[in-house]
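These protein sequence lines are chains B and Z, in that order. All letters in the first sequence, in the order written, are residues 1 to 481 by my numbering. All letters in the second sequence, in the order written, are residues 1001 to 1463 by my numbering.
I should point out that these hints are in silico values taken from the structure, not numbers from a laboratory. Note that beta-carbon positions come from the ideal geometry of N, C-alpha and C, so glycine has one too. Some hints here could point you the wrong way.
To be verified - Here are some, though not all, of the chain B residues that point toward chain Z, as calculated from beta-carbon distances under 10 Å:
id	residue
1	Phe127
2	Val280
3	Phe389
4	Ala414
Claimed, not checked - Calculated from the model, a selection of chain Z residues having no Cβ within reach of chain B, i.e. all distances over 12 Å:
id	residue
5	Thr1086
6	Glu1123
7	Tyr1130
8	Phe1174
9	Thr1187
10	Pro1212
11	Asp1219
12	Ile1276
13	Ser1385
14	Gly1389
15	Val1397
16	Val1401
17	Tyr1408
18	Asp1456
19	Gly1460
20	Leu1462
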Amino acid sequence: MSNLFILLLVPIIAAIVLFFIKQSSTAKWTALVFALLQAGLTLPFLCGFEPNAAIQFEQNWVWIASLGVHFHIGLDGISLPMVLLTNGLIPLIVLTTFSKAYKGNFYGLVSFMQAGLLLVFLALDAFSFYVGWEIALIPIYFICALWGSGDRIKVNLKFFIYTFFGSLLMLIGIIYLYKQVPSNNFEWTSFVALDLSETTQRWIFWAFFIAFAIKIPIFPFHTWQPDTYTNAPAAGTMLLAGIMLKMGVYGLIRWLLPIAPFGVVAYSQVVMVLCVIGIVYASIIAFKQQDAKRLIAYSSIAHVGLISAGVVSWHEEGVQGAIIQMVNHGISVVGLFFIIDILEDRTGTRLLGEQGGLAAPFPKLATVFLIILMGAVGLPLTNGFIGEFLLLKGVYDYGVWFAVFGGLTLILGAVYMLRFYQKSMLGTLTLRPILGGDIRGAEVLVLVVIVFFTLFLGILPNSILKLSEASVVNLLNQIKF
Amino acid sequence: MGAIITLSVLGILVLYLGLFKAKNALLPVTLLGLAVALGFTLADWNKEAEPQFSGMVIFDHLALSFTVLSIVVTGLILLLSKEYFTSISKNVAEYYCLILFSLTGAVLVNSYHNFVMLFVGIEIMSVALYILVGIRRTDFASNEAALKYFLMGAFSTGFLLFGITLLYGATGTFDLEGLRAYVMTATEISPLFYGGILLLLCGLCFKVGVAPFHFWTPDVYDGAPILITSFMSTVVKVASFVGFLRLFGTVMVPLSDFWTPVLLTIIIITLFVGNISALMQSSFKRMMAYSSISHAGYMLFAIVALGIESASSILVYATAYSLASVIAFGALILVKRETGSEQFEAFNGLGKRKPLLAAALTVAMLSLAGIPLTAGFVGKFMMFSNVMGTYNVMLLVLAAVNAAIGIYYYLHVVVNMYFRESTADAEQTALPISVNYIVVLGIAALLTLAIGVYPDCLIGILL
């Protein structure tokens, strides 16, 4: 059962099957069964994984012989948390849609996207990586544009063109590196082993960085993000914020750091400044938001700003923090977007000014909301704490002032998150009528699972950290100057 | 060689079938003939390629593979013609006959080894098209298109002929091998030769429709009947590229310092003109016309960076582009039949009305835009990697900007199909799709995906 390819095959089969299911309830259950099957299939890899630096469960086939393309996938400590995150969140995301009337095509697109995301996280061949990177974009574009609201057509076109342009720059970088490899292949190991001149590394850095920065998004490449998140359907936002943006950070760690170390050294300060600007700027904007979804969208920019800063800090703590924080952010943000969706379902509005006092009719919701919120803010013993701690430690080692301003994310985050909680849950109940009661059924299940992981990763963060430690140390050591 | 004879005889045969009113036999006979020509071409594959008929034509792998492509694409287009031709004209035999003659010209251009054959091939190909473009005699746009095409075509043929004459003046031969020997051995290249190259470049650029010689393309593509447009933008265009590639690949390589800057300028202008004009269009057909200009720009990448991969990248790109065009124009015919319009709005709600047709068209658009797992991506990838071989990174960045612009108009139709509601009367006039359309569009869409997922067989042909 240690055939990694099966993790890519199951979602593709699921997607094909789901596309032919017209009936909504059948589609939901089929999608859930497939998602759980996929999650179950991930477990053997978690159990069989040796926490060392080696790449495990490797599979390598010749794909396009005449171009030197291999279909090469494998798992190491950096990709394993991402795979767990993807396969763990998709069943939850499917469950969050159980009250909606989506048909098979919606779930088919979700499964298809899952395959693309997993290919990105597993690929050890730049061509395969690029293919995964692009084909994850197509389904999410359709999800957001078909089931979204507001000015969905224009907003998603911008999102698509923006990210596609970034990807093309990366493609140019990949082709350049491919031509440099003496045996003309796309293997990750050959790319890393290349002896590139410093000037080359500088432009390679930008070619890759812009692609990743648009996806993450890092200030000032973030302009597509708030609109896309806000107008997407709840499940689409969860996919985007929970999993998809991790592709960018993962790309930074897996591809950019080892391939263009000189580029990273040369421009890490620029990137650091951008990240810190992003943190402060997004936090301040988040504070002024009325629409809850937009608030979380901006908070997401602030959080990933810190994560990216941790990566380019080039310290073990920073990179480790980035990995665990990606998992944490994925869990928290899915929880938060789900709660926003539930509140919108019950009250008919996402505007903070119109909500208020909702803790009284929804006591259970108020409780889980608070716990997830604390996780997002980074309170000790919740999942966000250890990640932010490690990230700030990494950034501190890089430069004190960056840590000082980057650390504002903790304070500002607490401010806008608590304001969010206060405006929606506390105060007097102003809104009438409220449809439906407290959380129930699938909602309880999803939120309980999220709360469980919020606390579990807060108390035992080592469960993730020890998976990735050896790989991260190895990655940072093997980078040569 | 068998293919050229078969196709010529077939053209005449079809004409006689028309004379004796055997309308129902036209399509089967034509397809049968194409199959025979295809068989002849494939049978030549393993033979030693050498110039035949005192060096007039050569059926090497380059010529054979593109001949197969032209015949197959013509076959697909003709399969779509079943109801289309009868709906716009009474004299159906003319269409088949002229298309076959034009195809014969294309095969000659694919396989020429002597400038005389290049000229004759281009003329056969074009003259048949002048008539085809204007075949809707009562239609104003069709007439305008034919006149424009004829004048521009004659003009560009003039350039071509002048170029050939100058080269002849410098070298005393029409033979590619002779020209090659001249370029390789001459101590000093005659100024006549350089003049000849420039004029030939102009003539060929007219034929492939790249800026600044593109002005005829949008009007002609727009005015011609849809199927003729699809024939022009696939078979004819690809053949012109093969002619281009063969000339520059065999003869002009040592002089690349001279013509590369010219061609680079042409490419950059073409990419921007094609893409930005396509952005402004409200008609799907005109958008396809401008997009064909920008695709010609991408295909020139293979010529500006001549190398061992040039031929196979043009083959992959041309195949991808032809398949996608067949789908796009086929879908346009169906949509126009229902709504009577060629505008983007005609596609509104197609995703709901005809999900499979919409899916096929989406695959075609993604392929044209160059999204992975479609044939278009492999083509674009190979073009980019060709140019990267000569380190034109800036050109690639410009190409990337243009590819991103391209997304906008390719997705425009996807957006209309899936995210906008159809108009009421479009739903009322919904017509069933006949079997031949399902077969052709299905084959083209599946091939597009198959080449995208596993392109090795296609790339390997010419490597």
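Right, here's what the structure says about each hint:
1. Phe127: holds (8 Å)
2. Val280: Given a least distance of 30 Å, the restraint on Val280 of chain B is violated.
3. Phe389: Result: violated, 39 Å to nearest chain Z Cβ.
4. Ala414: Constraint on Ala414 of chain B not satisfied, violated at 39 Å.
5. Thr1086: holds (36 Å)
6. Glu1123: holds (36 Å)
7. Tyr1130: The assertion about Tyr1130 of chain Z holds, with a minimum of 39 Å to chain B.
8. Phe1174: Holds, because the least Cβ-Cβ distance between Phe1174 of chain Z and chain B comes to about 35 Å, which exceeds 12 Å.
9. Thr1187: With a cut-off of 12 Å, Thr1187 of chain Z remains clear of chain B, as the shortest Cβ separation is near 35 Å.
10. Pro1212: Correct as stated: the minimum Cβ-Cβ distance to chain B is 26 Å, above 12 Å.
11. Asp1219: Non-interface label on Asp1219 of chain Z holds, nearest chain B Cβ at 29 Å vs cutoff 12 Å.
12. Ile1276: The claim stands: Ile1276 of chain Z keeps its Cβ more than 12 Å from every Cβ of chain B (closest is about 14 Å).
13. Ser1385: violated (5 Å)
14. Gly1389: Contrary to the label, Gly1389 of chain Z does not stay out of reach of chain B, its closest Cβ about 6 Å off (not over 12 Å).
15. Val1397: Per Cβ check, Val1397 of chain Z is inside 12 Å of chain B; nearest 7 Å; violated.
16. Val1401: The claim is violated: Val1401 of chain Z sits with its nearest Cβ about 7 Å from chain B, within 12 Å.
17. Tyr1408: With a cut-off of 12 Å, Tyr1408 of chain Z comes too close to chain B, as the shortest Cβ separation is near 6 Å.
18. Asp1456: violated (5 Å)
19. Gly1460: For Gly1460 of chain Z, whose nearest Cβ neighbour in chain B is about 5 Å away, the distance does not exceed 12 Å, so it is violated.
20. Leu1462: The claim breaks: Leu1462 of chain Z does not keep its Cβ more than 12 Å from every Cβ of chain B (closest is about 10 Å).
In summary, the structure is inconsistent with hints 2, 3, 4, 13, 14, 15, 16, 17, 18, 19 and 20 from the numbered list given earlier, while agreeing with the others.
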